[in-house]
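**Student:** Hey, can you work out the whole structure from these sequences and the hints?
If you count the sequence shown from 1, you need to add 263 to reach the numbering used here.
I should point out that these hints are in silico values taken from the structure, not numbers from a laboratory. Since the structure is predicted, the reported quantities are computational estimates derived from the model, not experimental observations. For glycine and all other residues, C-beta sits at the position ideal for the given N, C-alpha and C.
Simulated pairs of lysine-lysine, BS3-like, Cα-Cα distance not exceeding 30 Å: (1) Lys681 <-> Lys493; (2) Lys402 <-> Lys427; (3) Lys425 <-> Lys659; (4) Lys598 <-> Lys583; (5) Lys427 <-> Lys681; (6) Lys397 <-> Lys691; (7) Lys583 <-> Lys691; (8) Lys681 <-> Lys691; (9) Lys397 <-> Lys447; (10) Lys679 <-> Lys708; (11) Lys681 <-> Lys583; (12) Lys691 <-> Lys402; (13) Lys691 <-> Lys659; (14) Lys691 <-> Lys708.
Computed spacing ranges between beta-carbons, pair by pair: (15) Leu556 <-> Asp619: 31 to 39 Å; (16) Thr663 <-> Pro515: 55 to 63 Å; (17) Leu556 <-> Val285: 16 to 24 Å; (18) Asp701 <-> Gly596: 17 to 25 Å; (19) Arg342 <-> Asn495: 41 to 49 Å; (20) Arg342 <-> Ala571: 38 to 46 Å; (21) Ser301 <-> Glu574: 23 to 31 Å; (22) Ser512 <-> Arg668: 31 to 39 Å; (23) Arg755 <-> Pro307: 39 to 47 Å; (24) Met665 <-> Pro307: 45 to 53 Å; (25) Val285 <-> Thr663: 52 to 60 Å; (26) Pro515 <-> Arg668: 40 to 48 Å.
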Amino acid sequence: GNTTGNGSGYTNTSKPDMSGAVYHVINYFDDYNFFGNSFGNPVPGQSNATRSLPTGSKINVLGTTTLLLKVNYYDDRGRVVQTKAQNHLSGTDVLDSSYDFAGTLISSVRNHTVGPTTTMIYKDFEYDHVRRSKRTLQKIGNSGSPQVVLSEQMYNDIGQLKDKKLHNSLNTNAFTYNERGWLKTITSNEFSVRLRYNDGTNPQFSGNIANQDWGSNTTYPNTFTYSYDKFNRLLSAVSTGVVMSEVISYDPIGNIRTMNRDGAGNATYNYTGSRLMSITGGGLAAGNWAYDLNGNAMTDGRTGATIAYNEFNLPATATKTGLNLIYTYDAVGNKLTKHNGISATTRHYIDGIEYDGTIIDIIRTGEGVARNNSGVYSYEYNLTDHLGNPRYSFNKHPVTGMIQRLQGDDFYAFGKRKSISPISIINKYLYTGKEIQDELNSAGKEGQYDFIARYYDAEIGRWNVIDPANQTFSGYDFCGNNPVLNVDPDGRIFG
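**Tutor:** So, in structure tokens, the structure goes:
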């Protein structure tokens, strides 16, 4: 029973006494008779045979006493057929899932409710004869809303992705590979990229990329040329066509010692151990950094912001003159809100649905976003390079039915953006698909990127929080200092 009044439903008769503890996550198994289960028991068609299965959880909203309930319901084969979850806007999300005989997900329906408003998201998944993803279809809204084919995939004889079509075949991308199975080209009418390894300007035989050529169709007017040291760390990335350059040197433990961007001269990084203390010269000159006891940069020398962190080393507040940001997270690290105290605006995040204030702004789709225009959703897509950087964003023109470019971006090797044409609505999911925090910027420079577990500063090519997996000697270097080849999906482990 709930003998301690802590809201868990579990007894607390052992030592140490945990009656005053704040619980981050409470998990329940076996049945649905746990304390505070307002969603109730399985309904007909759902199974009661749930012994050993996780039936529910309560997740704390950090900094509050709020616990968000989530309950899983199963079929007689132990597959989750429904989840019911509370969200931080006092609403609910109900996800119903259907499977085929082999246990492959074939459809889902999400019922997202906040206040009096309900948003329905329908997805269908189709597979080929060996159960590879073939088509993904989506519909938002009531039964009269149009269904679109988000993506359609075709494969070659050895199982590699050969062609990918977006938005009812409005755009087609073709993929080729070398004899080792490494990606060689992605080709479409709108954006194309070609990677060269041992066939590049400075041939690389270790798997490093020697050149990246990009353009459209089979025309590549732009070329990046890369060089590396014996530790496979990037030494230079210089492009022609769209002109960009970064020349880098390192100290003995892998921290950036100097960076020369676009010929502005060497910016010298000054350290205590691996903690960056200041940068002098070279167009990156900045103030001083200071750190808390966990190694988090609590004073950002580049932006001048003072940053306070929560118990998961995630930014809780960021303040300086003209800046007052407050972030809210749940206890498994999901960002729930970003409140701007200067503009008095709040952005809410609920499992891929983002609110601007009280109105849904976008719904993330996996290929881009569906943007809300007064209740009508317009699908926007990103054509990406090998790292997942969106290089060409488009939608379907409402009048002509043709592809309409919304935004185009090029990136320096360490992720700084060189925008070529934001045409209309700005896509904020940029470098490797991560959301840029525009507010965490400095004069003429970009903000930082939210990589989920920590934030990354592409202007200086470093994290401001130490590596939780301790993969390198430095702990602050990005992707082992080879951002041309490596990707860090969530700020924890690169590869």
